[in-house]
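> Here is what each chain is made of, one letter per residue.
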Amino acid sequence: MTKKGGCDPKGVSIVLCGAAGQGIQTVESLLALLAYHTGFFVFSTKEYMSRVRGGVNSTEIRIASSPVKAYIDRIDILVALSPESILHTYHRVSKNTMILADTEAIGKIKDDSIVDIPLQKVAKTVGSPVVANTVAVGILSAMLKIPLDTVLSFVHSFFSKKKQTVVDLNISAVTKGYTIGKKLSLPPNIIEKLSSIGNQKKLMLLNGTRAISIGALTGGCSFISSYPMSPSTGVLTTLSQLSHRFDIITEQAEDEIAAINMALGASYAGARSMVTTSGGGFALMIEGVSLAGMLEQPVVIHVAQRPGPATGLPTRTEQADLELVLYAGHGEFPRVIYTPGTVLEGIQLTHKAFNMADAYQIPVFVLTDQYFVDSYYSSEPVDITTLSNEYYVETTTKRYNRYALNKSGISPRGIPGQGTGLVAVDSDEHDETGRITEDVHMRSQMVEKRLKKLKEIKKEAVPPTFIGKKNCSTLVICWGSTIHIVNEAVECLDDDTVGILHCSQVYPLHPDVKKYLSKISLGICVENNATGQFQRLLFRETGIMVEHKILQYNGLPFSVETIYSQLHQLLRGG
Amino acid sequence: MTKKGGCDPKGVSIVLCGAAGQGIQTVESLLALLAYHTGFFVFSTKEYMSRVRGGVNSTEIRIASSPVKAYIDRIDILVALSPESILHTYHRVSKNTMILADTEAIGKIKDDSIVDIPLQKVAKTVGSPVVANTVAVGILSAMLKIPLDTVLSFVHSFFSKKKQTVVDLNISAVTKGYTIGKKLSLPPNIIEKLSSIGNQKKLMLLNGTRAISIGALTGGCSFISSYPMSPSTGVLTTLSQLSHRFDIITEQAEDEIAAINMALGASYAGARSMVTTSGGGFALMIEGVSLAGMLEQPVVIHVAQRPGPATGLPTRTEQADLELVLYAGHGEFPRVIYTPGTVLEGIQLTHKAFNMADAYQIPVFVLTDQYFVDSYYSSEPVDITTLSNEYYVETTTKRYNRYALNKSGISPRGIPGQGTGLVAVDSDEHDETGRITEDVHMRSQMVEKRLKKLKEIKKEAVPPTFIGKKNCSTLVICWGSTIHIVNEAVECLDDDTVGILHCSQVYPLHPDVKKYLSKISLGICVENNATGQFQRLLFRETGIMVEHKILQYNGLPFSVETIYSQLHQLLRGG
Amino acid sequence: MTKSLFDRGKIDIAWCPGCGNYAILEAVKSVLADLAIPQKHIVFVSGIGQAAKLPQYLKVHYFNGLHGRALPPATGIKSVNPKLTVIAESGDGDMYGEGGNHFIHCIRRNPDITNIVHNNMVYGLTKGQASPTSSLGFHTPIQVNGVILEPFNPLAIAVALDASFVARTFTGDPTHMQKILKLAIQHKGYALVDILQPCVSFNKINTLHWFKEHTYYVDSSYNPRNRSSAFSKALEMDHFPLGVIFQNNRPTFEEQLLVYKKNKNSLITRQHDIKKLQELLLEN
Amino acid sequence: MTKSLFDRGKIDIAWCPGCGNYAILEAVKSVLADLAIPQKHIVFVSGIGQAAKLPQYLKVHYFNGLHGRALPPATGIKSVNPKLTVIAESGDGDMYGEGGNHFIHCIRRNPDITNIVHNNMVYGLTKGQASPTSSLGFHTPIQVNGVILEPFNPLAIAVALDASFVARTFTGDPTHMQKILKLAIQHKGYALVDILQPCVSFNKINTLHWFKEHTYYVDSSYNPRNRSSAFSKALEMDHFPLGVIFQNNRPTFEEQLLVYKKNKNSLITRQHDIKKLQELLLEN
Ligand SMILES: Cc1ncc(C[n+]2csc(CCOP(=O)(O)OP(=O)(O)O)c2C)c(N)n1
Ligand SMILES: Cc1ncc(C[n+]2csc(CCOP(=O)(O)OP(=O)(O)O)c2C)c(N)n1
Ligand code: SF4
Ligand code: SF4
Ligand SMILES: [Mg+2]
Ligand SMILES: [Mg+2]
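Protein chains in written order, with our numbering: chain G, 13 to 586; chain F, 13 to 586; chain W, 4 to 287; chain Z, 4 to 287.
Simulated from the structure, these hints should not be mistaken for laboratory data. Every residue, glycine too, gets a C-beta built ideally from N, C-alpha and C. Among the hints, erroneous ones may be present.
Stretch-level coverage of chain Z by chain F, calculated; a stretch enters the list once three of its residues show a Cβ under 8 Å from a Cβ in chain F [unchecked claim]:
(1) 42-49
(2) 62-70
(3) 84-97
(4) 102-108
(5) 256-264
A few chain F residues that face chain Z, going by a derived Cβ cut-off under 8 Å, partial list only [said to hold, decoys possible]:
(6) LEU229
(7) ILE261
(8) GLU266
(9) ALA275
(10) GLY282
(11) ALA436
Please construct the entire structure, taking both the sequences and the accompanying hints into account.
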């Protein structure tokens, strides 16, 4: 274990640990929502195995009175629901951790410090073993000093769509739990942490999946075809659920190849279309990406990274597909890659992705990862009504040429049926009309046409986020999902000489990135992969080789403490 | 057109131009083989459209008394077989070009300099219009001063497997043509060129396709599964033809995905296996490449590049898939990429590819292009009996673990049925036995195991070929198929300060590459693509940014003259 | 409407002289003219191969996509704008080989599109390798010992998948070809038209003459509504039956989509309400 | 041979309690033991999914490949070493969805392998989306309005492809399952065994009970050698027939390969003669 001394992240961290199928997710949503509705800032993230029942999974819920948005190792309250839970969380437990366990479920453990919470027993007395989780919610909300009224009315509304008997069951379960929780004597450190948690005004609670989905709708997405693959499926599921309320076709394709080709067809016909996938599924779409490049057909591709190679660790997190996405497709054509770090960026950049794809007639990527899509947190609400769309489709005339050559390389885009022209798009090299050609000069012109769009695209690059003092000498550089973790770790460092540079657009890079890198004396890349792919990309684009990397590739996200201690070691030698 | 003054490549260049289906290929093989059997050095290459009949294609045959191995623009003798031929070759014809045309076929042309050769008419008098091409061969061999005996005995043996009537027809056709050819008065420049051509001892005549195929067999290849795709299909075809004489399974798969997965199965069972494909087909194999990385399953992947994106120009040449191959596959794992420039390297590196794949249990790439696979030339014969194979498969014991951890990262490889152990390979992250694991420590160890092989692999990197004076200040840098073209162009420059560096292994790079690059004052990358992919790779690997690039992306190979004139301009300003 | 409306004038056609593709091109033009579908509502979608070049020679909208991948974009197009007449066409290698998975699942999905397959029992463009429909024993540069894979029977498989329209025709009979193509385009739902087409360059076995000898017309008493008998009919391969082999009236993909339940207009005319999205953001 | 030979002892199995996969695992073990095939000659090949985890729980060789891609490596393995007993198994989504093209063409190719499909009519591992075999109207988090794609009928399609052995069984009857699996493994050529398997977590419609109510055994008079009647049998979906539905004796892929014409030994024991290669180099 890395040294963590010196970094003690704020708020209370509750970790629920148990087997798949034990309903941890229910506790997570109940408790997180309850805390959110109470007005607490809340963060939750899960790490889970690629199986449906059994094994050992855990969820962390952080609660605080100011924003919390990152995974931490520290556990203040551990709720152990299965025998394996203790071992699984062992390295994160300290003498300050309060351990609650249903000893009936996990078996006898020779540890006096464990507080027995008779979830099963209480649930059975209430009427059904299923509500054991609701008992746990009751206990925890009492511990968090959430008023019983609030708890009861929330539980009421949470189950409001179910039968009355279900509501009643859960109400008595949560009440019983509350009574137990109130009697538990909390250790002083937790009491102190809890006391500082106050109520907030209405917040917004989102995970990455929901952010991407809402961003897509905001960007005008009306078609998504995809094939299920963890951790990317959530976007397809969310949009499918929303298809009752918004005009969008959501189709489960027979495979990923069909998915991208359907999306390209939909785009050709005039829809704003997207796919969502993960590494192995994306690998199958690469010919389609190249087709998008050749047809100059807008499409948005959400890739939620998970650890590879091959099937790898299906439900875990990694940032090792950056280069695959950057170089995907045979032949040469422009693209854009966004790597949102915050849920807000998730919305904004997905929205922007659709507009960029349309404006430049290119494939645009939104590259996330399991940690990003599965992590929720509450934050100040934002106004998205200002996110407008620009539509570029033109009505065609008789003389319409899909690939008309001009200065910018962007030919006016028509769609079939809108206007009197014919719209011919072609996977072979083509002339201005979209017909196959093997003319060497036309070929060169078409290659140049496609590539010169990059010049304008570069002008619209999203600048990196810089956090820190203007003259800081050290820069911690990150991209995608790690921003909040790095941010909290650097805050912990409390060192004016250390700043953060986060790229939410990794390609093409905004020119500011080079400016920042040139000014510093030490750079440190933080990446959830084994070889430092972003470090390489920075070098390729800026010519500056960032000296240090902090890498992790075990399938888990970084924790605030890990980043802190590694930075500490790098900067202060220990 | 670029200026070509100053570069006048040796030998005679004959260009046959006509429609697909007119039998240019027959003239090519007859004439090239005849010249080869006569003892001339010969080079031939074709550029052809993606269609079966019609259009306009051309083949260049260079004949000389010393080795010729590169495409040149200059045409000494043009044989025009279709009306479009003249326009198609217009920019390559000079006042010194002797144009032969069957005016009956191409129609009247107002150009006195055109010599009418009545191919159709003669063929008809001989007995069949099909032998028009043989008449042309007769004419050309007379012009090349090949003795009639040699011509007749060659034509005899060439058609020996056909019916006697066919042999007779061709013999009279070639004889008639010979008589015509003898009467043609050649311009002095051609006479001069021809006079210098002398006879050679037994040479070896190969194109890239045959070199790769023979290299594969030499490397022990016993299984190839692929899906047809120009220009990669030749390797599958050649090996299929050879399957009567060598023990090899050659299977046409239903798609490229099946192809690579079959090959991986074959490899698992103990065969040395390969696939051959091109850009779009390779794009479909990328998930399989990642699987090879994860399973640590040896496989050789031949990618013959053609212009993209998407379907692009199916039968033409380009070098724009280097980055795709370099970064193909989700997740991180090692690989090797060979880019043979000479046919000899084609044999040697494909042989080496199989041994490296086996030694390190990785995917190994042989990256060529249409120009490479379709170009023939004669060269000094080599002894390949010294190319031995090392077999790494071990007999398993009861306690066998497919992924046993050790210092090198290379676990002993067993195959099913050979030994008492069980061989379990797994696409999910696995433990030493090959069973699925989600253990974070095992995951890290396995990632490291796979990646650390790269260290040893680097030690076996093929050094670059340096041509020139030790202290040259300028280096023309190239990879893959362009070496001979660059070489002849630089010879033309006749400048001691200019050297050549050719990489036949582009990844991982041999350390010498960096050494060479650090010594020079000017570097020029020559690449058949639009963005300078190798320049980027050199920068990534050496930190040195080569200043200049000479790029071409119109689907045609570079010519000696183009490279010459661009170098000339760069170095001497015009 | 006149056939010439779809003519592209004097253009270079990349097919071999004598190829069956010419007849298909002409038949397609006639049928489009006969059906009087406005040009601006016709979209061809093709893969890659000799057959797949057909849209290049027509005055229509087209999406010339990847080898084997005509059906997914065709489905995408039709679902986004159901007003369009969408015709997906390609070769046997493209549709049944590389594209086999889309063939299967597109039939299950049943969008209202027409699927024309130029079945020359060979890979034309890549110069003569076996296709899924090549006969047993067919020799090629790769199948040096003759084809050993059981020929793919597209009709039988389509029937097994309960395709809504399954037919076969032959380039040797333009009138029949037109009749069948017309029925297929008019049919509401996925319609397969497998067209036996001689490849004069690479298939010296299944020639025009051979097809003439090895086909027959299903007679007027044949009932294409019975799945079991359609299957038996489809299995006939000594003499291939020509005509509509199977037909049913399954609901189409598009008409079952939520977006068209209340509103029949093309999807592309609609926009999401940003206020509803703002509400969504705060919903929990 | 005893079943326990294939046991991996006290290991953690990633399936849900009550899942039909356990019964398949036990049946497989029994059959392997009964057939007394030496362990060192048994290779399992699987894709990805819950079903595809089966080989992890067996003491055999295995190649756990990509989602949808079990059949190509199985074919590769069998052709390189025909002495091995090769069993490709996976779920319905894997084999009929993502892997649909290999399913089709592997049947055409006819390698002597057994293809076991755990057909739970749902995607288990990815948590409950529709699979190709899901019933019309089946609701899932993605198919929010119920499945609208015609269910894939693997047996009918296999018959249409002239598969050499086509059978269905059901986890509710271990004896039947064993009988069918045994016949399939013993069959020379490609053998499909579609196993109806309840998924207790995600398929609340096609439960063990439902399957019991909706299946029946083909009776002993049924003749699986007739393709047309096999097709009619396969079409029955109100009550799924259980048993061997179709069987024929096509030659296998391996036995037709040139490399085994003269020499029956596994390919891996051979090496190319370098002298012949040297000659080849100079041949023109
Ligand atoms: C992914 C991919 N694989 C392979 C090819 C090469 N290819 C082009 S056309 C073709 C087959 C043509 O056969 P068919 O579809 O029957 O059409 P035909 O030419 O016979 O009309 C192939 C293999 C390709 N373009 N893309
Ligand atoms: C290329 C690819 N796409 C998607 C996935 C995600 N995935 C894993 S298993 C599975 C489906 C599982 O369903 P099924 O094959 O029916 O097996 P079951 O779990 O029901 O036994 C999917 C879609 C993947 N691993 N790889
Ligand atoms: S190759 Fe065959 S299918 Fe293609 S155009 Fe020529 S004859 Fe027609
Ligand atoms: S999810 Fe379904 S198929 Fe998978 S193990 Fe659980 S019950 Fe079985
Ligand atoms: Mg064909
Ligand atoms: Mg399933």
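> Hint by hint, say whether it matches the structure.
Do the hints match the structure? See the list:
no. : hint    : verdict
1   : 42-49   : holds (count 5)
2   : 62-70   : holds (count 8)
3   : 84-97   : holds (count 3)
4   : 102-108 : holds (count 4)
5   : 256-264 : holds (count 3)
6   : LEU229  : holds (5 Å)
7   : ILE261  : holds (6 Å)
8   : GLU266  : holds (4 Å)
9   : ALA275  : holds (6 Å)
10  : GLY282  : holds (4 Å)
11  : ALA436  : holds (5 Å)
In summary, the structure agrees with every hint in the numbered list given earlier.
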